[in-house]
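J.: What follows is the residue order along each chain.
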Amino acid sequence: MTDDELVAGYLRRLKRASRTLPRPVRRELMQEIAGHIAEARAAGGEPGGDGSAALRTVLEQLGDPRDIARAAAGARAGRPGGLEITAVVLLLVGGLLGLAVGNLGFGAGLVGAIAVWLTGAVMLWASPRVWPGGLALPFLLASQPAQVCSSGSGATTSCTGWALPLWLGIPLAVVLVAAPLVVAIWLVHRARPRDQRDPAVPELAAR
Amino acid sequence: MNQVAQMRRGVLPYCVLAMLRHTERYGFELVRALGSVDGMVTGEGTIYPLLARLRRQGLVVTSWQESASGPPRRYYRITAAGRAALGDFMQAWAQLRDSVDELLDAEEAP
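Taken in sequence, the protein lines are chains H and S. FYI, this note's numbering numbers position 116 of the first sequence as 98, with every residue one higher than the one before it. FYI, this note's numbering numbers position 44 of the second sequence as 59, with every residue one higher than the one before it.
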């Protein structure tokens, strides 16, 4: 394998490992690492002969491309922003509000509660943070509070709840109330600073 | 994650700022200098994301400068905010170091 192939292979692995980074961050990272290798080769003297061994050392000292990509991902994710926290609160409160208002029979209130919940969902969508599993996961999970809302409104109009046998209705109600809570707790847990779970680069005190 | 590596990671941003205190440097130069300090850095490549973050935090600024021997280089220069952060750290570090030394020395005595 020639030196150029060695470098190309390394950069290819870095490119693959950093595919989840935002484009400008990734571009800069690729640029910096490629620049580092070029500088090291220029400083290393004549190509060929002992050059390959020297180049391997350069790449070894740079480290595993996956570690570099992980450090970049960790450096990007800071504390959860107000956006994420608000979104989670809205997702939680919107769903519960829908349940409460629906039982009281205020149709307009229900619409309002759903609007609150939708705002939360949209904010989560707009959040720059990449949730694990992509956007499909929060949306899959976010459908749970909507079920609370619809079951709430159902109970007022035709007492759907009573139509269910108790052995099914009670666990179902528990699940419908617990699900948004669990989802909210889980989202907040995910929103914790990344560095604590996956130490990459420490968070520097914001000034 | 081992404790020493974690401590090292904690102080690394300030070591970078300290290296920029008197002069601006380009990435390769910084990384090589840090890498040559015994046990300071395990993977040199992970310093570049750190540099990018220091810039996003406004602690350093960068500029491209022509190089005589190759492509242009990205130079890093410390900002006033960077100096302030470094100053705070140096004070905290001196205090912490003395306190820890004192405790460790006390433990060694019979």
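To be clear, the hints were calculated from the coordinates, so they are not data collected in a lab. Small disclaimer: the values here were computed from a predicted structure and weren't measured. Beta carbons: idealized from backbone N, C-alpha and C, even for Gly. Be careful, since some hints might not be right.
Said to hold, decoys possible - What the simulated footprint calls covered on chain S by chain H, stretch by stretch (three residues with Cβ under 8 Å from a Cβ of chain H suffice, anywhere in the stretch; the number is not a length): (1) 43 to 51; (2) 55 to 64; (3) 108 to 120.
J.: Next step is simple, just say for each hint if it's right about the structure.
T.: A quick look at each hint next to the structure:
1. 43 to 51: Coverage by chain H holds here, the residue count being 3 at a Cβ distance below 8 Å.
2. 55 to 64: With 7 residues close enough to chain H, the hint holds.
3. 108 to 120: Coverage by chain H is violated for the stretch 108 to 120 of chain S (0 residues, Cβ < 8 Å).
Against the hints set out earlier in the document, a violation occurs for number 3 only.
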